[in-house]
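Q: Each chain, letter by letter, is given below.
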Amino acid sequence: RKEVEQDPGPFNVPEGATVAFNCTYSNSASQSFFWYRQDCRKEPKLLMSVYSSGNEDGRFTAQLNRASQYISLLIRDSKLSDSATYLCVVNKMDSNYQLIWGAGTKLIIKP
Amino acid sequence: NAGVTQTPKFRVLKTGQSMTLLCAQDMNHEYMYWYRQDPGMGLRLIHYSVGEGTTAKGEVPDGYNVSRLKKQNFLLGLESAAPSQTSVYFCASSYLVGDTRSYEQYFGPGTRLTVT
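Respectively, the protein sequence lines represent chains F and H.
Read left to right, the first sequence gives residues 1052 to 1162 (this note's numbering).
Read left to right, the second sequence gives residues 215 to 330 (this note's numbering).
No wet-lab data here; the hints were simulated from the structure.
Please read these numbers as outputs of a predicted model, since none were measured by experiment.
Incorrect hints may appear among the rest.
[Unchecked claim] Derived DMTMM-like pairs: lysine to aspartate or glutamate, alpha-carbon spacing no greater than 25 Å straight-line: (1) LYS1096(F) / GLU244(H); (2) LYS1143(F) / ASP276(H); (3) LYS1096(F) / ASP1133(F); (4) LYS1143(F) / GLU266(H); (5) LYS271(H) / GLU1056(F); (6) LYS1143(F) / GLU318(H); (7) LYS1157(F) / ASP1108(F); (8) LYS1053(F) / GLU273(H); (9) LYS1157(F) / ASP252(H); (10) LYS271(H) / GLU1054(F); (11) LYS1143(F) / GLU273(H); (12) LYS1161(F) / ASP1090(F); (13) LYS223(H) / ASP252(H); (14) LYS1143(F) / ASP252(H).
Construct all of the structure, not just a fragment, from the sequences and the given hints.
A: As structure tokens, then:
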């Protein structure tokens, strides 16, 4: 089992719709969780950290489910500019400063 | 602040040639990392550094060497390039976020390397 697993997609979603995707992780002791966004041929950029209580930033909501070992990302009122690959990231076992990266979920927002 | 910068942006090497990729950060971060990214795969850690003068191996270190002589710079060397090292290389730096025990990473724009 991969340490971090994501559905590669692509998710084709009409503009204005709500889209959600999950990511599962294997290390039950993980403490740090992130969503990064990566545009084509660009570097990953931090979208949001995921806290135990969940967190929201504008149209984006991230949730953590420790019991089932997954994190989720919800995007409301999707924009064309949301088209990107979303990377799920979890800290490595026994190391908070080393991160394990999912391969990403590709999202395409259509007009 | 420039954040994290990488040079060069593109490079084509012939098998057996050597090169050095330079990463620089102006955020005073202690931790720095070199990753490679290949199609359909997550970022894979090559080497990392937890401070000036210290380096450690990551997941895929073979064929690469690194040095961190100054806190702000992290160099990645390929001594004898192979076609399997064709990839996009990203440098990142990180810091501890308050008391969260969480290390957010910030990336340079990447270097696209092709080895023929």
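Q: Going through the numbered hints above, which ones does this structure break? Give me the numbers in ascending order.
A: none
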